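Can you join these two chains into the complex? Each is in its own frame, and there are hints to help.
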Amino acid sequence: MKNFEFEQELDIAWCPGCGNFNIRTSLIEALQELELEPEQVVISSGIGQAAKMPQYIDVNYFNGLHGRALPVAVAIKAANPDLTVIAEGGDGDMYGEGGNHFIHNIRRNPNIAHLVHNNMVYGLTKGQASPTSKKSMQTPVQTSGVANEPFNPLAVALSLGATFVARAFSGYPEQTKEIIKQAITHEGYALVDIFHPCVTFNKINNFKWYKNNCYQLSADYNRNDFNMAMEKALDVEHFALGVLYQKQGQPTFEQQLPVYQNNQQPIVHRKRDLDKVSELLSL
Amino acid sequence: MKESISIVLSGEAGQGLQTIEEFLVASIAKEYYVFSTKDVMSRIRGGNNTVQIRVASEKIYASKQTIDLLFLLNDDAFERLRTKVTKGTVIFGKKGSVKASMLEECEASFNELDVEELAKEYGKIYANTILYGFIAGIMQLNKDFCLQQIKEKFQNKSDKIVETNQKAFTVGFEKGQQYTDLFNIKSLVNPAPLKVLDGTNAVGIGALAGGCNFIASYPMSPGTGVLTFLAKKVKDFDVLVEQAEDEIAALNMVIGSWYTGARGLATTSGGGFALMVEAVSLSGMTETPCVVHIAQRPGPATGLPTRTEQADLNLAVYAGHGEFPRVVFAPGNLEDAVLLTQKAFYIADKYQVPVFILTDQYLLDSMGQMEGITLDETYLQDSIIETESGYKRYQLTENGISPRGIPGFGSGLVKVDSDEHDEAGQITESFEVRVQMNDKRLRKRAGLLESFAEAELIGNADYNTLIVGWGSTYGVLKEYVETNTDSGVAFLYVKQVYPLHEKLSTYFEQADNIIVVENNATGQLANLLKIELNVSVNHSILKYNGEPFFVDEVAQRLQEVL
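Chains A and B, in that order, are what the protein sequence lines are.
Here the UniProt record's numbering is used: position 53 in the first sequence is 53, and no number is missing along the way.
Here the UniProt record's numbering is used: position 197 in the second sequence is 197, and no number is missing along the way.
Okay, chain B solo, but in the shape it has when bound (with noise of 0.2 Å):
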């Protein structure tokens, strides 16, 4: 594990605690590396929620488990954070806010600290801002920076908003001031200019990056932010943004939309995806490419609504009834929620097939920093054929795409249908054509395999133990072979988890014992790699109590069965 600092903030829902971690991290981004996650519970106000802003002089993507500075901004929050304290933990809080016998039990020290006490003479709103001052005192980070950042935010409000703020900020700074001692991480001398981003606006970008001029969804979280980044960038990159009645309509809008020419995107979650089922199928024997993202939490049924997973993998690659080829995507970064996603609109477009982006909770809550990346324009070429008279939308060939029209464009007439049908798309119940429309279909697997998107080995390529991984579990099995002492470990990162391509078989043939790490209880692309690959792993480490790996966590179940 990289040297960090874990800085906790634990508060109810409503109280704000969001917005000091979006001050925090970026202010904290101009001089450290940060990486910053949430632990929200299912209500609206009230309850218990965490922020996590990890702190450290190297890169880092991924949070800890363990706590060195906690603020409590309620009451009963301690007993729930009482497995992360540790007798290095320095709590601070209102008198009385963690009882005394269970202090002594853990052994953490305790610090006096009312936020809403020194913000009397302001407002008690301005306790947040406080806060947010008290921290960065601590980090004795760039003052001038934070006092810009507040203006930003609050300009639109009032002079006078902007000046209280500013002044809540220095109260906390200055008293902030008096325990620099407990933050000993080195500040970046020639910090690299880094984009902060949480994985949810990563995925948005990537959408228009990919084109995306269409969005059709019934929001869930934690597929919801998709939708609203969107619904914003509506003026700006002509997106055509609708809330449909249902997850079963989002997905058959979305199919309309391409089959109009338009590049659609559904977002939604496993619960949401298992409605749009029927209309995944509908894009397979149709054609009608499709983008569909899907941000995993625990399932099954309601699950835990806010909590992270990664067990939706089989839904993604079993969805719909019938044979025929899709591809799954899941980024397990910032860059890679972006080019990704932008990757799986050409994809769809190109091989007019369903194509899902597979994200979890923890990606998309989470805040990171990200290297400058280049977008690629090729992305946007349109495979749309302007048609002729006599068009036939299913012509068979050779790598089973059919040249795609869309109507009004051209003479011709785009006929489509979830019938079996012949090359014109009129209906058959021809045994002979059957064979070649599911042939014909089949045959776009080479294809959609010529486009895999390569897995990265991150580590020693001479390993003879090979930690395989995919989506948000990235972050922690990085630090884990970046920071390990024994160099006979290395991490594949697999970023298209469907179809698998047969060279990722030399990974495995180097390996002597292979280890797949998944958020989840049985296992799912160790299976998916016996069926597809027949690769046997030697070890599954999983976890599905709703929470991710944290990096020292993983290091621990990882060091059992080296």
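So here's chain A without its partners, still in its complex pose (with noise of 0.2 Å):
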């Protein structure tokens, strides 16, 4: 098995207690026990507390700009399909300044999995609401309480035809590390939101109200049936944790493309032919 820790004692930045130390508990084994090569696994992450995560990992990263890391991570997998990739970060990362890349990445299905850290609150920039905040929650800018209605990635994946839809809570972590195991094998992409609390920041959503507020989805819960799958996500007074829907065999984005259509070789890897470009001159 690799190992994905580091050798060295890390200077992490999350704060004591932070939900992010269990969620990189989670997916440092989720990735040993899937038994993969650092060197075939990427990471690519935006900025804010959860996109640091692949600092802490000893594996290729890039580390890009806030709400960036799906259009950085779907190109890599088109690229060399033969990399594992996960796009990582938080609800204000994902769901606000990178809104439109999450909406149009789902209409691709790339095969990655996709890790959302949500804490319902901006962690780095000292308390702010993110898109998935609670009503009337006060911060230092929503001075009188949020006004607008939370964000539902999950009800949105799903309008959108994702084709693997998952929640978990860092408080579960045996749970969240299966679930990101599924999403990471799951042959499209895998949406995982992963509640956490914000210890510094978010006093409504702590640890305790998670606890209260989620339930587990029953065994003989069908993860195929999506209406089922859509009452679920849209249920916002009890949120169910598990994987609410999948579907397997839609074909991915990077199957689809002509360049994968009669060759499977990556296109890094390929010869490029001069000569033919110089065709395009001749008369």
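Please keep in mind that the hints were generated in silico from the structure rather than gathered at the bench.
Remember, predicted model here, so these are calculated numbers, not experimental data.
Accuracy of the hints is not assured; some may be wrong.
Unchecked claim - Below, computed lysine-lysine pairings styled on DSS-like, alpha-carbon distance capped at 30 Å:
| no. | chain 1 | residue 1 | chain 2 | residue 2 |
| --- | --- | --- | --- | --- |
| 1 | B | K38 | B | K94 |
| 2 | B | K151 | B | K99 |
| 3 | B | K157 | B | K38 |
| 4 | B | K175 | B | K151 |
| 5 | A | K271 | B | K503 |
| 6 | A | K276 | B | K440 |
| 7 | B | K350 | B | K233 |
| 8 | B | K167 | A | K276 |
| 9 | B | K503 | B | K530 |
| 10 | B | K143 | B | K120 |
| 11 | B | K160 | B | K30 |
| 12 | B | K143 | B | K38 |
| 13 | B | K124 | B | K95 |
| 14 | B | K99 | B | K38 |
| 15 | B | K99 | B | K120 |
| 16 | B | K120 | B | K167 |
| 17 | B | K157 | A | K276 |
| 18 | B | K124 | B | K59 |
| 19 | B | K186 | B | K120 |
| 20 | A | K276 | B | K153 |
| 21 | A | K208 | A | K126 |
| 22 | B | K440 | B | K530 |
| 23 | B | K38 | B | K186 |
| 24 | B | K151 | B | K38 |
| 25 | B | K30 | A | K276 |
| 26 | B | K233 | A | K276 |
| 27 | B | K232 | A | K276 |
| 28 | A | K271 | B | K151 |
| 29 | A | K271 | B | K235 |
| 30 | B | K59 | B | K2 |
| 31 | B | K95 | B | K167 |
| 32 | B | K143 | B | K153 |
| 33 | B | K350 | A | K271 |
| 34 | A | K276 | B | K59 |
| 35 | B | K503 | A | K276 |
| 36 | A | K271 | B | K233 |
| 37 | B | K232 | B | K38 |
Structure representation (structure tokens):
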């Protein structure tokens, strides 16, 4: 089994007690249990506390710009489908700044796992509302309370045809790990919205709140039932944990690209032919 | 100005002007030198579009303002073209397509030609082919070649369509032969075989020659043509084409493709590039190469969407926050559109910097003839290394270039970060490392200047007046110095507009009079010459109404300051 842990001790920038620590452990264990090689895995992330994740895992990474992890991830996977690609970030990063990419990459169905740490607040910029913040939550900017309706990532993903939609809670690291493993092995776009507390800036949605407001999908839950998944996703009083929906056998973005129709070799490894280009200039 | 005849076809969008243009340019190119360009309105149907085809027995690379032969395909065209009509202009059109008072005022002559009427027995859609035949008849072009072209174009449709088009062509051709006295340009005895191409295809071919195998873009005129060109080459050249949800995604995708080892391109216009600016900065910081084709059109904002301007030089040179090296190429002719685009991919790869190809609507939409060129195989050589365990993506080096690995190739890990980082790609807030990394990135400038795309001096090397131009003003300025009787004038064509090499200074030192000609309102290259090389220009000749410079116009404006 390969080690995704660093040998030296890390200077981790998360607050003590932050939910990101548990998610990190879940992700590292998931990668190891899937027996992936660090050289074959790439994590693409944006900006925010969650997006620092690849810094703390010994793996290939592209830690780019706020909201832009998805376009980078999709391009990496398309240019070299042999790589295992994960896009990771927080709720502001993925649903706010990167909202347009979130929408359109669901439509593409790239074969990537999309892990979103959702703590319903902007932590790195000191506690402003995020797209998933509860209504009426008071912040230094939303001084009279959040007026906007919270964004529902699971319902949006389902409505756009996402082929894997799941929710996890960092307080249950074993389940989170299992869901991440399924997301990585799912053929197609896989969204995992991961609840976790922001111990510094979100005093409402704390560890206890998540424990009280989330419930487990039953053992006989049918993840292939779209209508049931939508019903669960739209319930914003009680939050279901587990894989809400999975549809297998849908063609992925890469599979549909003409460059891979008759040739599986990643484009980055193909030889280029200048003589053929010169022909375009002949009379 | 060289002796030439300018043929203008004017009609509405959707009337098939571009098909006639392609036919005519290809058949004219067999016997003459030719350059053609378009003036198109921003609408899908209707309006007033024109195609100008300029024919000469000497090489030409630009269009002229005045019209010799004008063909009106719809009634409301004339007013717009009025300023380009002289008393020597011969107009062909339906009866009444020009008001008698206007005709009298400009003293042009008018000949009745109703192609739709002539096409009646074949169907209205054959009017175009009749016009093609008519003009070919005036010029006495090789009829067999023209008929062959028609066959090639329509043979996928049906034999009947080919045959009817050929008949319609012949009707026009015979009628046109009555006017051969209107055309007095000598045809070439042994025409040199030249490739007929437009700027868009030249950039596209250059991209393929540079090993481009990934393009992500959001459509925006006039940059879209390159996306369309590569989309047609998907199968033959293994190009991965994706229409992104926006320009922001487009350039982030392109950067992601380079990180993985592909050679990616984004094509856009100034307005789209404005959205890509944050990703330009990302390329700078992560030292992930990228190539962007910026097809300029008049701005700001939506500006004049289908017209031309050279006003995004500042944007290209200063795009992105923070300080990092980049390269800006500005091809002015078809050969350079191919060669500099090819080179862009190599430079981006070698130095791990963003490289911009700055063209404009005029260069892209114009068709001309191109000399044979040799594509350089070395530009396809990747500078990617196989990594070893412990690989450091941002290793400090003397020339600023750290060996670049890609994920999955070798046993090392490729760690790239938009935060300031150490040699291993880990986030750092060390003041010392920050300075080391910033210096490392900026050290690449020296290498970029070593690879400087040389400027070209055209005209007498013993000049005292130096005209300076970049990009698509190449054609008019070259023609000016080639035909100018004052031998003390030369033209410096600057192809790499950033960074500028100090060896350019010697060109300026020799000149008593420096004139910069630019298709913008503020003299952006002139300003850059001052900043980069401390060169003060004596005159700036500027135009920014949405049209390119014309050869006759530029001559007149240069005379004013000479």
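Requested in this report: Kindly indicate which numbered hints from before are broken by the structure, ordering the numbers from low to high.
Outcome: 2, 5, 6, 8, 18, 19, 28, 35
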